[in-house]
Structures are given as structure tokens and as C-alpha cells.
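Asks: Chains as they are written, first to last, in numbering that gives the first Met the number 0: chain U, 0 to 141; chain C, 0 to 141; chain H, 0 to 141; chain R, 0 to 141.
Simulated from the structure, these hints should not be mistaken for laboratory data. Possibly wrong hints are sitting among the right ones.
A few chain C residues that face chain U, going by a derived Cβ cut-off under 8 Å, partial list only [unchecked claim]: (1) F12; (2) A17; (3) A36; (4) W38; (5) R39; (6) G42; (7) T44; (8) A46; (9) N47; (10) P55; (11) V57; (12) A59; (13) Y63; (14) A133.
Derived EDC-like pairs (lysine to aspartate or glutamate); straight-line CA-CA distance at most 20 Å [to be verified]: (15) H:K7 x U:D62; (16) H:K7 x U:E80; (17) C:K99 x C:D62.
Anything over 12 Å on all C-beta distances counts as not near chain R; from chain H, calculated [unchecked claim]: (18) D62; (19) L83; (20) K85; (21) F94; (22) S104.
Since this is a predicted model, take the numbers as computed values, not measurements. Here a beta-carbon is modelled for each residue, glycine too, at the ideal position from N, C-alpha and C.
Spelled out, the chains give:
Protein chains: 4
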Amino acid sequence: MPREFRLKRRVNFYETDAAGIVHFSTFFRYMEEAEHALWRESGLTIANRGVDIGWPRVSAAFDYFRPLRFEDEFEILIRIEEVLEKRIRYSCTLFHDGEKAAAGSMTIACVRKRPNEPMKSTPIPPEILSRLLAESGDPQRS
Amino acid sequence: MPREFRLKRRVNFYETDAAGIVHFSTFFRYMEEAEHALWRESGLTIANRGVDIGWPRVSAAFDYFRPLRFEDEFEILIRIEEVLEKRIRYSCTLFHDGEKAAAGSMTIACVRKRPNEPMKSTPIPPEILSRLLAESGDPQRS
Amino acid sequence: MPREFRLKRRVNFYETDAAGIVHFSTFFRYMEEAEHALWRESGLTIANRGVDIGWPRVSAAFDYFRPLRFEDEFEILIRIEEVLEKRIRYSCTLFHDGEKAAAGSMTIACVRKRPNEPMKSTPIPPEILSRLLAESGDPQRS
Amino acid sequence: MPREFRLKRRVNFYETDAAGIVHFSTFFRYMEEAEHALWRESGLTIANRGVDIGWPRVSAAFDYFRPLRFEDEFEILIRIEEVLEKRIRYSCTLFHDGEKAAAGSMTIACVRKRPNEPMKSTPIPPEILSRLLAESGDPQRS
Numbered sequence: 000m001p002r003e004f005r006l007k008r009r010v011n012f013y014e015t016d017a018a019g020i021v022h023f024s025t026f027f028r029y030m031e032e033a034e035h036a037l038w039r040e041s042g043l044t045i046a047n048r049g050v051d052i053g054w055p056r057v058s059a060a061f062d063y064f065r066p067l068r069f070e071d072e073f074e075i076l077i078r079i080e081e082v083l084e085k086r087i088r089y090s091c092t093l094f095h096d097g098e099k100a101a102a103g104s105m106t107i108a109c110v111r112k113r114p115n116e117p118m119k120s121t122p123i124p125p126e127i128l129s130r131l132l133a134e135s136g137d138p139q140r141s
Numbered sequence: 000m001p002r003e004f005r006l007k008r009r010v011n012f013y014e015t016d017a018a019g020i021v022h023f024s025t026f027f028r029y030m031e032e033a034e035h036a037l038w039r040e041s042g043l044t045i046a047n048r049g050v051d052i053g054w055p056r057v058s059a060a061f062d063y064f065r066p067l068r069f070e071d072e073f074e075i076l077i078r079i080e081e082v083l084e085k086r087i088r089y090s091c092t093l094f095h096d097g098e099k100a101a102a103g104s105m106t107i108a109c110v111r112k113r114p115n116e117p118m119k120s121t122p123i124p125p126e127i128l129s130r131l132l133a134e135s136g137d138p139q140r141s
Numbered sequence: 000m001p002r003e004f005r006l007k008r009r010v011n012f013y014e015t016d017a018a019g020i021v022h023f024s025t026f027f028r029y030m031e032e033a034e035h036a037l038w039r040e041s042g043l044t045i046a047n048r049g050v051d052i053g054w055p056r057v058s059a060a061f062d063y064f065r066p067l068r069f070e071d072e073f074e075i076l077i078r079i080e081e082v083l084e085k086r087i088r089y090s091c092t093l094f095h096d097g098e099k100a101a102a103g104s105m106t107i108a109c110v111r112k113r114p115n116e117p118m119k120s121t122p123i124p125p126e127i128l129s130r131l132l133a134e135s136g137d138p139q140r141s
Numbered sequence: 000m001p002r003e004f005r006l007k008r009r010v011n012f013y014e015t016d017a018a019g020i021v022h023f024s025t026f027f028r029y030m031e032e033a034e035h036a037l038w039r040e041s042g043l044t045i046a047n048r049g050v051d052i053g054w055p056r057v058s059a060a061f062d063y064f065r066p067l068r069f070e071d072e073f074e075i076l077i078r079i080e081e082v083l084e085k086r087i088r089y090s091c092t093l094f095h096d097g098e099k100a101a102a103g104s105m106t107i108a109c110v111r112k113r114p115n116e117p118m119k120s121t122p123i124p125p126e127i128l129s130r131l132l133a134e135s136g137d138p139q140r141s
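The shape of chain U in the complex, shown without the other chains:
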């Protein structure tokens, strides 16, 4: 069973647009917020200052089913779907009022960052790997 995390949230006013609903770009911020909460839950931080490892996004997508509005309470479910040597793939679902509001996915890459050099893909450090895979039963590692 893949590792997952649920985050409860309320829509902030500045996340809405003139159509009266949450702007579609904001859902990607919600997904990231839940991702980072999942990392913290695992005893990790995704942006470790002083460490030259980074986690840029390789791809991200959302399908939108129902709009969210100011002050709506909703839940973000983020799930690690796959852990590869140098990448992690998540799925993400937003629920509001018992209905699916949106479903997304995101793939991130592990990179080494050196000053004045381009980011370079690198294997996920073992100590991060073991924490991400801990308690998660049977993640789809490949």
C-alpha cells in the first residue's frame, strides 16, 4: 500500500479569482503543501538549507471536477505512487463536501545543485529513501 497523507485546509480569499472560485493554478500549491506535510510527517524536509540536494518538479497535472470557493473546507490526499532511483511520483485528490473536487499527479526529480552549474539528476540519498519508504507497507519501488 503506498504511503499517503491527508491535509485539511480552508480556502483563503487571496486564492480565489474574479470568477469567484479558486484559481486553477492554486491547486498545484495545495498539492505541494500536502507533499511537504507528508515529508515532515516522515521526519524530512524537502528544502534542506546547506544541503546541495534539490527536488524540482518534472511534471504536474490536474483534472478539475468541482470549483472550490472562499472559506470552503476541503481535504487534500497525497499519495506516493512510485519511488524510482531518481524520481518520486505522487497522486493527489481534493475532496470537498464528500465529493472529488480535483485529481492531480506530480513527478519530482532528485538533483544535485552546485553553484553556477546546471542541476544534475542524482540517485535519491539512502537516508531519505528509507524514511519515505518506512511504514508504507508495500510501495511500488522499481
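Add chains C, H and R to chain U, keeping to what the hints say.
Replies: Leaving out everything else, chains C, H and R in the frame of chain U:
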């Protein structure tokens, strides 16, 4: 040939994040910015106050190839790939320094908005349709 | 004693910029977030759909003392400093690690919104006034 | 005469909120956008990678007179009001349809950034100072 539009842009500081690059959610705003410029180029506005037609996003996705940084100049190419009875599908590519920085897509739906009612999918009004299809040679209408 | 509310918060990654700290514009969003939480605590919502009353900002300011960074936990203290016939004035302080990170203020106006008319300043409705002033001991009403 | 710069801009959809107007926090981003354009006009960049000088904001404020809406075209006038040894103070006015939409101010500090040390206030480097003061006739230097 599908209708397209090119928008030149420079990265603003508030669009970057602590990784020193443009936040991945910002690319969706770039795509929307180019979409709306395309509509204006067609003599249209996508958010017509006083009109009960709206254009919520049905899906949106990006693949990220190269990071953008503060003050980078880049180009957004947005293209109408498909116009259906009630939907429009775009593709979008960002170029920087002669290289593809990211490639995305987005589908929007035409809806009728009535106060205190849920948004309801509706056929694209003919006057919008004709403008979107004008000058576009051979759009993939279906 | 003026009515106040405290909101605990953690810095999200998308709130930082390439300087590695929370972007200065984000503090205004934090202030608004706490303001709306204060209204909810008073049994109110500041954006009541179907009601023609709105609350645009008249002025807003922040002094910045210490930067906030990704995942920092901080507290927002918002306080109603003054309630006038058509305006409300708040003060706002952000605390992090036992130190003041920033201090701000904001004045909002009560306006009547009619379709296709400019917003017009109007007295605060009595039912909102009484709730905002409830439990607040001795607010500086004038 | 203080040095100034004018930037023309159009409101993007993602800059509006559910009240149908530009969110008040966005004006601070407009002010920063014009500031950075002024620096570029002076042959400078405010965020020079590889250099340990930074420019955090010390204070920022706006008074709002008229709302801006989606696709409104407006002008941002930014002006260097004062250059001190370690600080720069700007004023900023937004014009729309021949009227003042908002008026703001911002003070920034010159700091030295060393890894894992707090930012420390430092005199503005001479080469930056001379460029900022060039062509500006009689700036209020003190």
C-alpha cells in the same frame, strides 16, 4: 493550421521560490496569460462582465525541462489544438535561450453561470466560435 | 480592550522567493488570513455571496524586522484597533521564535456593490457591528 | 529631481480575487516589478546571483483609491525619493484611466548575506550608488 499566439515575457522576482527558480505553479499562470492575450488578439475577452458565460478549466498539465530564473526573458507559445462544441483544448510551449523550458496543455469548458446555481456546461456561443476560428486556416474542429 | 485573534501558521514553499525568504507581499496575505479567521471567530464571513456589501482595503502597510523562511512556524496577531461608521482599522504583528518578525496595519471600508455601478461607501450594517464589538470589552468606537 | 521610471501593464486574471478586483497584495508586486525595471533601466539587476549583496524590504505601504479589474491597462510610476548610506526609499503611484488608482511607498535595505549567518546591513556598493544616481539630476542624497 491551428491558431496560435506568441507572448514575450520576463520572469518577475515574485514568481521565483527559495530554490532560486520560477515556482512550478507559475507556469500555469504564464499559460493563462498567453491564452487571454490570444483571446484579445481575436477581439474577445475571456471574462466578460455582465455576461453569464464563463470558462473554467477542465484540466491543465505541464512537463518541465529547464528552470527559469529571475529576469530570464522567455516566450510563451499558445496554440488552439481543438475546438469542440463545449470545450477548447490548447497546447503551450515555453522557450528560453532557444531551448524548450516547458510544455503544457489545458482544456477549458464553456459554462453558463446563474446566481446561486452550479455552473452548467453549454455550447460555445457562435460569435465567440467564429472569432476563435477566424484566420486560423484549418483548425481541428470536431 | 480591543478584540484580537491569534492564528498559528507555517511558511509554505510557494510563499518564498529567490532570496530564500518569504516574499514581502505575502505578509499582506497572512494579515488578511488572520483577519478572516477573526471574522469567522465572530460568527461572520467577510465575503457573503448574495449580499451586496463588500470590504475593500483602503490602506495597508508593513514594517519588516526579521525574515521568515520555508517551514518556519509563526503566529499572526490581528487586532481591531478602531471601528468607525464606515471603516475598520486593524493592527497586525507576526511573531517567530519569540521575536517580532513584522508589524502591519490595514484599514478596510464598508461598501455597497451594485452591478455596473462603482462601489459606494456605506455604514457598517448593525448586525455586523454588534458581532465585531461583542466580547471585545472596550473597543475604540467613534 | 529624483530618478523615476514608468511601466505600462495590464491586469492578469490570476491577479484578481472573488471580489472581482485586483487583490490588494498584488499592488506590492506591481511596485516591485516597476522597481526592478527601474534597476534594469539603470544597467543593474537587484538580484545578482553569485554576489553576496541583497535588498530586503524594510517597509512597504499602499493607499488604495480605485479598484483595478481584469484586463485594465494601467501605469506604474516608481520614483527614488531618497538614497541613504544603507537604504533606498521609493514612492509609487498607479494610474488608470487618467486617475490615481493607488499610491505607495517602499524602503529597502542593502545587506550582506553570508551562508548560515543572519543578513547584515551594509553600505550600498559605490558602483550601484553611482548608477542609481546617474541621470537623476539632483537626487536627495543624505
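Asks: Tell me, which hint numbers fail for this structure?
Replies: 1, 3, 4, 5, 6, 7, 9, 14, 15, 16, 18 and 22
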